[in-house]
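Trainee: Protein chains in written order, with our numbering: chain A, 1 to 112; chain B, 1 to 113.
Heads up, some of the hints might be wrong.
What the hints assert, rightly or not - Every beta carbon over 10 Å from chain A, so not counted as near; a handful from chain B, in silico:
#1 M15
#2 E24
#3 M27
#4 A80
#5 E84
#6 T111
As the list claims (entries may be wrong) - Below 25 Å or equal to it, Euclidean Cα-Cα: the simulated DSS-like pairs (lysine-lysine) are:
#7 K38(B) with K99(A)
#8 K38(B) with K3(A)
#9 K99(A) with K9(B)
#10 K99(A) with K40(B)
#11 K69(A) with K3(A)
#12 K52(A) with K69(A)
#13 K22(B) with K53(B)
#14 K99(A) with K22(B)
#15 K52(A) with K99(A)
#16 K9(B) with K40(B)
#17 K22(B) with K9(B)
#18 K40(B) with K53(B)
#19 K9(B) with K3(A)
#20 K53(B) with K19(B)
#21 K3(A) with K22(B)
#22 K40(B) with K3(A)
#23 K41(B) with K53(B)
#24 K41(B) with K99(A)
Honestly, the hints are just simulated from the structure, not real lab data.
Built from N, CA and C at the ideal position, the CB exists for glycine as well.
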Amino acid sequence: DAKTTQPPSMDCAEGRAANLPCNHSTISGNEYVYWYRQIHSQGPQYIIHGLKNNETNEMASLIITEDRKSSTLILPHATLRDTAVYYCIAFAGGTSYGKLTFGQGTILTVHP
Amino acid sequence: DTEVTQTPKHLVMGMTNKKSLKCEQHMGHRAMYWYKQKAKKPPELMFVYSYEKLSINESVPSRFSPECPNSSLLNLHLHALQPEDSALYLCASSNDRFTDTQYFGPGTRLTVL
């Protein structure tokens, strides 16, 4: 699976949008971009995933550039409960028997 | 419902003990996974089961022994562990294809004395 690069930490004010970037310049055509988050000492929580098109669900929006070399996860109105480590993963699944390769992630801290 | 449950939440064991971790899902998923997460590190895959058969063992020491007795249940049997095995053990499941989204349980925090 392709390697992803994320900033180690970011801050965001409560109520503002949090925009978390991810670089995946070596992503292959069959790899999806997945986002998970992990709140302290809990299991990773699935947020959203996409292949080419932008995606939105009740938690977040995912914007993928046209060349698919980078993406941005958007939390539209961040709350204190969104403070967590956010992982961006390039995932094909079939060729790796479902192995999710987590990087170091971005620690997002939401401030009052 | 995307719930994966794990028991116990916390476990403390000595190096000579035998214990088991349990993971359960009732989503009809046919792929189940064990991950290990050391403090301040990302999760790392240990085992993958597909249709109750072991598909992947990521070179995990034999003191960790997985078992999948049925499609809803995944166990991890522990024996003669070392203090460096102390970690958060995470279970995940996905639909019948490895390409499907994985849903994680809350984890078991293991401490080996």
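Trainee: Quick check: which numbered hints come out false for this structure?
Mentor: 18, 19, 21, 23
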